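Visitor: The task is to assemble the complex, starting from two chains supplied on their own in separate frames and drawing on the hints.
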Amino acid sequence: MDAPRLTVRQLGCERDHRMLFENLDFSARNGEIWQVTGANGAGKTTLLRILVGLHGFYQGRVEWSSPLPPLLLYLGHQPGVREELTARENLEYNRALSGQTGDPDAALAALDLYGFEDVPAGRLSAGQQRRIALARLWLDGKDVWILDEPFTAIDQQGVAALDQRLRQAAAQGVLVIYTSHHRVGDGVHRLHLGEDREVAR
Amino acid sequence: MSAPTLGAVWRASLRRELTLIWRSPADIVQPLFFFVVVVSLFPLALSPKPALLALVAPGAVWVAALLAVMLSLDGLFRRDQESGALDLLLTAPVVSVVPVAAKLLAHWLLTGLPLALIAPLLGYMLQLPVAVLDTLMVSVLLGTPTLTVVGAIGAALTVGLNRGGILLAVLVLPLYVPVLVFGAGVVRTALDGLPTGGLLAVLGAILALAVSLGPVAVALGLRISAGD
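As given, the protein sequences belong to chains Y and S, one line each in that order.
Residue numbers for the first sequence follow the working numbering, beginning at 1 and rising by one.
Residue numbers for the second sequence follow the working numbering, beginning at 1 and rising by one.
Isolated chain S (complex conformation) (with noise of 0.2 Å):
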């Protein structure tokens, strides 16, 4: 008889993780290239002047990154759910949120961060003010986990199905939306030379609830793919 120690388990699983993700770069490379293409389409469908693009930068930014978020998740759990390794990891004498939280921070770290490290560049480039910048990649470092976490909720309940993918959008996009009205809005203010410390702070809540609760809500979805 023998259990593990959370540590122990939070550790393997964190290692593990990061080597997955880090041996299959594509799932890195393509949510980034997914934002900068998208990003990069919107001067060339409404207009190079510089007022314009300022003006649409912010949802422009937000939408792309959130609908980069949403299709990296897809294949979040699937593979493990096909080499039964998720099955492992349910049967496994330790709260499945541990393992579930571990998965759900490297996933971010390799995809979701680096949304946000390069969102700056892109709002640069549709003509926002420098001035805003920081803002704007405080806003996507404060929303991408929330995405990340709302996300693999929904990635947990499908991943039993087939072509998932299209359920997903329809049961996460309604509750992504808090996150790009404040994410979109933040920009916006800071735009208008108003102070942004409200709205950021709001995001911040938004993420705390996220982190918290989330995890538990992505184990106990994995928990009803599995039981079918």
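One chain only, chain Y, in its complex shape (with noise of 0.2 Å):
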């Protein structure tokens, strides 16, 4: 088996005095798919931000096998797009500030925003926002995507695409971590941050 792409050790975070989660330690691999669970305040947003190095107050060791800017592709729990942007705008500028390829039509197609690719994203509903966001999964070359709620404002068929396109990507070596209350599926590592916390296979 290939050394782990990322390595915790001894993880903690403090936050107002409170702790959030300490010692967790875990290691993910290509390939793989790990679902952060937790109650809400948990530290779910924040185990994902220092993960990709927004947040840097920490104690423990976060280490990637290798540089992980040119191979992440992040979607914070923010869908980080503008209402003034039409979708394809919005698409198209992420596309180049993170230097992915790819159609971007295509991509908005196959989360149902064909036709809506020149309205301005503020005229569209928090879900299709959401997709806009989302469409950046079906753009090409990032090799770990880690995502802030997925599945939130997404309707069912949706969701079911969006599950289906995470366990595509991890099939060809993506590793996806992802913070969802959706149930968990097969062949999915879960992280559970709170007071049961548990690393479970």
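These are calculated hints, taken from the structure and not from any lab test.
On a predicted model such as this, the values are computed, not experimentally measured, just so you know.
Keep in mind that the hints are not guaranteed to be accurate.
Stated by the list, open to error - Far from chain Y, some chain S residues (derived; all Cβ distances over 12 Å): (1) Phe33; (2) Phe34; (3) Pro48; (4) Leu109; (5) Leu117; (6) Met125; (7) Leu133; (8) Leu167; (9) Pro174; (10) Val181; (11) Gly185; (12) Gly197; (13) Ala208; (14) Ala217.
Said to hold, decoys possible - If you want a taste of the chain Y side facing chain S, the calculated C-beta under 10 Å gives, among others: (15) Val52; (16) Gly53; (17) Gly56; (18) Pro69; (19) His77; (20) Gln78; (21) Asn94; (22) Leu97; (23) Ser98; (24) Gly99; (25) Arg123.
To be verified - Some chain S residues near chain Y, calculated using beta-carbon distances under 8 Å: (26) Pro4; (27) Gly7; (28) Ala8; (29) Val9; (30) Thr19; (31) Arg23; (32) Glu82; (33) Ser83; (34) Ala85; (35) Asp87; (36) Leu89; (37) Leu90; (38) Ala92; (39) Pro93; (40) Pro99.
For glycine and all other residues, C-beta sits at the position ideal for the given N, C-alpha and C.
Guide: Written out as structure tokens, the structure is:
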């Protein structure tokens, strides 16, 4: 088996004099899907922000086997979609910024946004804005996906399509780490934050 | 694995930022309107005597321009932060200086440059001799980019705060003083009929310093703001 892509050792984070989590140990490899679960306020978003390097106040070690930014596809808690820009403009900017490749229109079509490419995102629903952000998953060129609540505001069909896309990517060797309250599917590694913390396989 | 070229990021960022400001015209009109209104109040408040107005004109125009730029900066990164776009910028595989610099250039082109273009008109209104108006315009042209960049450092550091406006002013106004002193000073010098080349060169030197180091400081400020 190849070396882990991500190794987390003794990770702890304190926020407002409260320990969010401590002594967190896990390692993740290419082609794995990790779901981070936990109650509201358990520190799921903070954990992801630590992993991508946005949050610098923590104890312990987070080690990536190679520099993360060229590999990383990060979707934060907010979708990162500006309301003044159209769906296509948002996606094209994010594609250029992250250096992804692929056809933006095809990606938008895959998320049922065909016909909405030139509509300002502010005129679309919350779910559709979310879909604009998720369209990046249908572009190419990233090997580590870190997604904060990707299923939020997405309808059932969209959830199924997204779930399928995550599995398809993992099968191609992408490491997927996401937070969600949705049920855990088969073959998904689960990392639970909170009092009854566990790392299940 | 893929990383974009700096040129591609620069072009995409510049196009995005110009589109964003262009689609919210209030961001362009507001500083300009503020600038014109504040300067127009001086003749009403002081006295319409030409000699007196010409005396206060350099200071009045410069203080108004400085405040107009500062007001325009409060929201510079806010909507990017609220929408999550800032996090994407900070995790992108390019040095964040490049998209940040594109943002500052776009912001200056659509807010600072109009101030410089209209400044001669306001100077004329305040009875400045026509021979001095070009110096006024050049000084505002050289000064506003510095004001934008330095103010953006404050905006980056206060982006996470709900009411960062007053803190931004406290942080940034002391740093604006040299630009104000030399900017208004160069117009007064021209008014006295003395050569202005040296003072304009000082303004240019401050501009070069701000433009070369400022975006780095802005990018670092954004990273600090994102970290907590």
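Visitor: Which of the listed hints are not met by the structure?
Guide: Hint check: 25 and 27 fail, others pass.
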